[in-house]
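Given chain C, put chain U in place with the hints provided.
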Amino acid sequence: DQQVKQNSPSLSVQEGRISILNCDYTNSMFDYFLWYKKYPAEGPTFLISISSIKDKNEDGRFTVFLNKSAKHLSLHIVPSQPGDSAVYFCAASLDSSNTGKLIFGQGTTLQVKP
Amino acid sequence: DAGVTQSPTHLIKTRGQQVTLRCSPISGHKSVSWYQQVLGQGPQFIFQYYEKEERGRGNFPDRFSARQFPNYSSELNVNALLLGDSALYLCASSISGGVTEAFFGQGTRLTVV
Numbered sequence: 001d002q003q004v005k006q007n008s009p010s011l012s013v014q015e016g017r018i019s020i021l022n023c024d025y026t027n028s029m030f031d032y033f034l035w036y037k038k039y040p041a042e043g044p045t046f047l048i049s050i051s052s053i054k055d056k057n058e059d060g061r062f063t064v065f066l067n068k069s070a071k072h073l074s075l076h077i078v079p080s081q082p083g084d085s086a087v088y089f090c091a092a093s094l095d096s097s098n099t100g101k102l103i104f105g106q107g108t109t110l111q112v113k114p
Numbered sequence: 001d002a003g004v005t006q007s008p009t010h011l012i013k014t015r016g017q018q019v020t021l022r023c024s025p026i027s028g029h030k031s032v033s034w035y036q037q038v039l040g041q042g043p044q045f046i047f048q049y050y051e052k053e054e055r056g057r058g059n060f061p062d063r064f065s066a067r068q069f070p071n072y073s074s075e076l077n078v079n080a081l082l083l084g085d086s087a088l089y090l091c092a093s094s095i096s097g098g099v100t101e102a103f104f105g106q107g108t109r110l111t112v113v
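Protein chains in written order, with our numbering: chain C, 1 to 114; chain U, 1 to 113.
Simulated from the structure, these hints should not be mistaken for laboratory data. One thing to keep in mind: the hints can contain errors.
Claimed, not checked - Pairwise CB distance ranges (calculated):
| hint | chain 1 | residue 1 | chain 2 | residue 2 | range |
| --- | --- | --- | --- | --- | --- |
| 1 | U | Phe60 | C | Ala41 | 21 to 27 Å |
| 2 | C | Asp59 | U | Gln41 | 23 to 29 Å |
| 3 | U | Lys52 | C | Val78 | 42 to 48 Å |
| 4 | C | Asn67 | U | Pro70 | 30 to 36 Å |
| 5 | C | Ser12 | U | Asn71 | 41 to 47 Å |
| 6 | U | Pro70 | C | Asp95 | 45 to 51 Å |
| 7 | U | Lys52 | C | Gln2 | 31 to 37 Å |
| 8 | U | Asn71 | C | Glu42 | 38 to 44 Å |
| 9 | C | Arg61 | U | Phe60 | 33 to 39 Å |
| 10 | U | Gln18 | C | Ser74 | 30 to 36 Å |
| 11 | U | Gly16 | C | Arg61 | 46 to 52 Å |
| 12 | C | Gly83 | U | Lys52 | 37 to 43 Å |
| 13 | U | Thr20 | C | Arg17 | 45 to 51 Å |
| 14 | U | Phe69 | C | Gly83 | 45 to 51 Å |
From the three backbone atoms N, C-alpha and C, an ideal C-beta is built for every residue, glycine too.
Bound-form chain C, shown alone (with noise of 0.2 Å):
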């Protein structure tokens, strides 16, 4: 039972331009979202979050924009640089404040092209 969905295992853009991950997910409990971005070996780096009580997070190139309605999320990368290539993770949690298990997604590799 996979909860968290990004159901675009790849996706390719110009450099400059915008890049736009998704995520799906089915458990209205969730209260908090991740995103995390992985190169090859490294481990996962923090991107941004998003609580459920919002809509959109902003921080410098990257907005994470959540639609509880629908529930899904997605990660605009604004200008896409070549730097950003790598494979992108959705997260998600039952309890932000206590506990640190995250729910990731399959992930999805972007790959931006100069």
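Relative to the frame of chain C, chain U by itself:
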């Protein structure tokens, strides 16, 4: 400041053997979580330890066990290894157990042959 460190980085074991993986959290972090990532999938939660007590356990068999020491470092043990245990094992640490501050180590690549 040292990040989360895991050892060893790579490991090859034979089916049926036992393995111990180690994790040192960031200084000041009291919570350690373990994840298994198989190729092509996202990390899957195995355990969380906070202040040396198990706080959560994922859907893994009893062959998987873990503990946390007084200095907050942690070990993950896997007994009776199966080929399907081959994966990247990730450790994450955080200050209070809150997911907003989870930092991951580089992982231990376990290959079971």
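* Between Phe69/U and Gly83/C, does the C-beta distance stay in 45 to 51 Å? -> Roughly 37 Å apart at Cβ, these two residues miss the hinted range, so it is violated.
* Supplied distance hint 45 to 51 Å, evaluated on CB atoms of Pro70/U and Asp95/C -> 26 Å, violated
* Asked: Does 38 to 44 Å hold as the CB distance between Asn71/U and Glu42/C, or does it fail?
  -> 25 Å, violated
* To do: Given the range 21 to 27 Å, decide if the beta-carbon distance of Phe60/U to Ala41/C lies inside it.
  => Given range 21 to 27 Å: holds, Cβ gap about 24 Å.
* Asked: Should the hint that Gly83/C and Lys52/U are 37 to 43 Å apart at their CB atoms be regarded as holding?
  -> Once the Cβ atoms are compared, 39 Å apart, the range 37 to 43 Å for Lys52/U and Gly83/C holds.
* Asked: Between Lys52/U and Gln2/C, is the Cβ distance one that fits in 31 to 37 Å?
  -> 32 Å, holds
* To do: Look at the Cβ atoms of Asn67/C and Pro70/U and judge whether their distance stays inside 30 to 36 Å.
  => 45 Å, violated
* Honestly, do Ser12/C and Asn71/U meet the 41 to 47 Å range at C-beta? -> Given range 41 to 47 Å: holds, Cβ gap about 45 Å.
* Asked: Given a hinted range of 33 to 39 Å, is it respected by the beta-carbon distance of Arg61/C and Phe60/U?
  -> 37 Å, holds
* Should the hint that Gly16/U and Arg61/C are 46 to 52 Å apart at their CB atoms be regarded as holding? -> 49 Å, holds
* To do: Determine whether the Cβ-Cβ distance between Asp59/C and Gln41/U falls within the hinted range of 23 to 29 Å.
  => Since Asp59/C and Gln41/U have Cβ atoms about 27 Å apart, the given range 23 to 29 Å holds.
* Using the C-beta atoms of Gln18/U and Ser74/C, is the stated range 30 to 36 Å upheld? -> Hint violated: Cβ distance 43 Å, outside 30 to 36 Å.
Taken one by one, the earlier hints fail for this structure at numbers 4, 6, 8, 10 and 14, listed in ascending order.
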